[in-house]
Amino acid sequence: MALLRVHVSIFVAACAFLVCPASCTTTRRHAEPLHQDLVTQLPGQPSVGFRHYASYTTVDEKNGRALFYWFFEATSGSDEKPLVLWLNGGPGCSSVGYGATQEIGPFLVDGEGYALKFNPYSWNKEANLLFLESPVGVGFSYSNTSSDYDILGDSFAANDAYSFLHEWYKKFPSYRNRSFYIAGESYAGKYVPELAELIYDKNNDSSLFIDLKGFLLGNPETSDAEDWQGFVDYAWSHAIISDSTYKIIKDNCDFYSNDTWSNEKCKDAVDELLRQYKFIDMYSLYTPVCTQNSTSSDNGVMQNMMLRHSSNMMPRIMGNGYNP
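Using mature numbering (1 follows the signal peptide of the UniProt record, and there is no 0), the letters of the sequence shown map in sequence onto residues -24 to -1, 1 to 300.
Honestly, the hints are just simulated from the structure, not real lab data.
Fair warning: this is a prediction, and the values are worked out from it, not measured in the lab.
C-beta: ideal position from N, C-alpha, C; glycine also.
Since no wrong hints were added, every one of them can be taken at face value.
Derived DEER-like restraints, expressed as beta-carbon distance ranges: (1) G129 <-> D209: 28 to 38 angstroms; (2) K146 <-> T51: 17 to 27 angstroms; (3) S218 <-> G194: 21 to 31 angstroms; (4) G194 <-> A215: 14 to 24 angstroms; (5) N153 <-> G113: 25 to 35 angstroms.
Calculated cross-link-like contacts (lysine to aspartate or glutamate; reagent style DMTMM-like; alpha-carbon spacing at most 20 angstroms): (6) K93 <-> E79; (7) K147 <-> E37; (8) K147 <-> E56; (9) K147 <-> D55; (10) K241 <-> D227.
Throw the hints in and build the complete structure from the sequences for me.
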């Protein structure tokens, strides 16, 4: 897995390098603004019947802050289908390196990491897909002002993403009145609702209106207590843990308290829960798990990670199939 992700990073970097000359030189001189970011070809890319675009969009001229995007038109009926903005979580995970090329985009990086292949389950069969590297410092997005990296936060990310959308609509005006959805996973459970609320509030100004229809979240980060309770309830409802283990956790774990891990009965019961996931992909319970070169950690490492982070955020469970 680690080797594959290195290949993915190298491949995506090569793709971005090749996109820039197409979008910043030849195409920019001869095409209308709508097409200035058109990607004509990527290394190892199969022929496609849809267009895709990639480039930077400036969100703060003064600070030199710009976000990188990769946009795929729907495979058919792109003029009628909705626009979906995808945000990966982390925080700090790339929507290009993960969402676009390993999860829901039309291209997946092949097993060797040197070419692209079609994703038969790509979401651009049903929608126009916009992947955004957010906030600055993630993926190819950057700022020329170092102090920007010291003030990053959920509100900061939401405001930049909002500014990005309005600048992006200037490049793609036909999408301004299109039905719009925001989707994401993991820490996007913070990013997505905050951006949705900002859009909702700003829509009071008709000149800023975005036709937000809803948002979608997978495995979202919400709050420490709610995430822990959901984690436990999910394990019990899917027969991962016994009724007795579930009862011990319910009786002894107060996930709203910073002292919950000082309760030995709680810790032991959670240890038992984690032990059940050692050879099960918690993100896909009923599919076979490849144990060769597995990224699964043993129970002790996972528990230590949880103890380190439980006071600040729901810990990332780095098991097989982990999605950022």
